[in-house]
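K.L.:
Now for the letters of each chain:
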Amino acid sequence: MNPLLAFQLRRVGRNKQYLFFTVLLPALFTIFITKIIGGQMGDAAGYDEVAASVMVSMMAYGALGAALGATIRISFDRASGWLRQLRITPVPQTQVFAVDVAVGAILALPSLVVVALVGRFVNGVQLGTGTWAVLVGVLWAGSIAFVALGLLIGLSLEEKAAGGAIGILGTMLAALGGLWWPVEMFPEPMQVLAWFTPSYWYAEMGRDVAAGTAPALLPVVALTAFTAVFAALAVTVARRRPLHAVSG
Amino acid sequence: MTSPPALDITGLTVRYGDTLAVDGLDLTIPSGQTVALLGANGAGKSSVVNAVLGLLNPAAGSVGILGRTPADAVRAGCVGAMLQHGGLPSEARVGEVLDLVRRSFPTRWPLDDLVVTAGIDGLLERSVDALSGGQRQRVLLALALAGAPPLLLLDEPTSAMDVEGRRAFWTTMRGLADAGHTVVFATHHLDEADAVADRVVVVAAGRVVADGSTAQVKARVTGRTISFTAAPDRRLESLPAVTGVARHGGTVTVATTDADATLRALLADGGLPDLEVRGATLEDAVLSLISTGHTHPIGAVR
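Chains A and B, in that order, give the protein sequences.
With UniProt numbering applied, the first sequence covers 1 to 248.
With UniProt numbering applied, the second sequence covers 1 to 302.
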């Protein structure tokens, strides 16, 4: 494995918060929300629908939280001077950037898998073997949108603001994007707001797959557009903000 | 064909907005020299270091490291640096960071020797977050040395060290020079330049104002300063042995090469309220070097 990638993964692995917020919390939510809302459904079909929908939402919530958490941390490395230090070693800058993208993507996977396992074995969600694989695959691929967003935020904000943004951004994207309760339960203007969040389209993609169809074109195009914009802005910020610090 | 110099800076100019930090600086350092970049805070030393490493884009001028551009030299592992604001990653052990950096260089300083040279014995298993200021500084030095690069660039390497740590560090740097490394370090301590460097380059207002052996530069700066309270219209520049005059409110500081002669003239000229005479600090020396209007650097340019 690339030494820098191994190094970065080891660092994140030491962070216990990551495990709690991006794996354990979504898994617990999956169980509770399904029990509460699904339990109110009169029939088994209604319960099954809720169970699948909640599971997809929580997979999306966990993955986007993990992707954001792993990447916004680049702000800490900038503040500590570590990015500057790396810059004066022979490690190419493109590799430093690529490794952060890879770390964000890799960390999104455990949340997806654990929540899917909870959905299947605790809540009894029934999908075909192929559908499970496609569901995890599609949501994993889509998590790149939040890797790009996290890098953009992490490169743009100062250390303290970035630290706050990790929690706030994940919560806002989940709430407005309809991951904690269905968008249909929102008042009309809020439903429109959801269309402007990448998290909404991300979960829509997953719901299409869970329903046994291929993702519709609109969610895919919308999420791709968000990713492209976030990535382009992140690259621009990375080029613009100097890494030097001068006091003498 | 002669090999290119370790460092070749031509007409380097660095601006931050309207502020001119480095003003057309020229400096050539042959391989194997140990050079102190001496100057007060804000003199432009760090800007020079950052420009040499390619961390900032100069407004004008060029930098060559062993005949390469800064970016190429860094990629090729030709240069190791200790930055004033370099940092270590959180949630990592010292040994892991050192290993990562060592492996990125084409050549590697043997680990056992590196640990002894940088003075980080017993720290490899330590978490970076648990290091003291002086220990961090030594770990950063170890990172600069990790690839045994031909050119070492150290920006105020001893700023977070106590006296003992500083002396140990000087010994290390002399050892590096003896081993054939080109060492360039920025400092604002004259004694540090004196203890380590075989060439001193004094930087003020982004220009080289003196360049020579330590003995040559020291001879320039062993003047004294006389401070007292004086009316703003009192003429002082033409007094005997005066090399510079600075005014801060009512207080006047006069740099002189012959305190005796200057004092005699001052007394003949009127009173000297709040008189204070002291050996010149580096700031005073640099002040005198600028205000006497040297257009050519003193000392032998090598």
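Treat the hints as calculated values from the structure; they're not laboratory data.
Treat the numbers as computed from the prediction; the structure is a model and nothing was measured.
We put the beta carbon where it would ideally sit given N, CA and C, even for glycine.
Be a bit skeptical, because a hint or two may be false.
Stated by the list, open to error - In silico contact screen, one side only, chain B against chain A (beta carbon under 7 Å); selected entries:
(1) G11
(2) R15
(3) V74
(4) H85
(5) G87
(6) E91
K.L.:
Each of the hints needs a verdict: does it hold here or not?
P.N.:
Verification of the hints:
{"no.": "1", "hint": "G11", "result": "violated, 19 Å"}
{"no.": "2", "hint": "R15", "result": "violated, 12 Å"}
{"no.": "3", "hint": "V74", "result": "holds, 6 Å"}
{"no.": "4", "hint": "H85", "result": "holds, 4 Å"}
{"no.": "5", "hint": "G87", "result": "holds, 2 Å"}
{"no.": "6", "hint": "E91", "result": "holds, 5 Å"}
Checked against the numbered hints above, the structure violates hints 1, 2; every other hint is satisfied.
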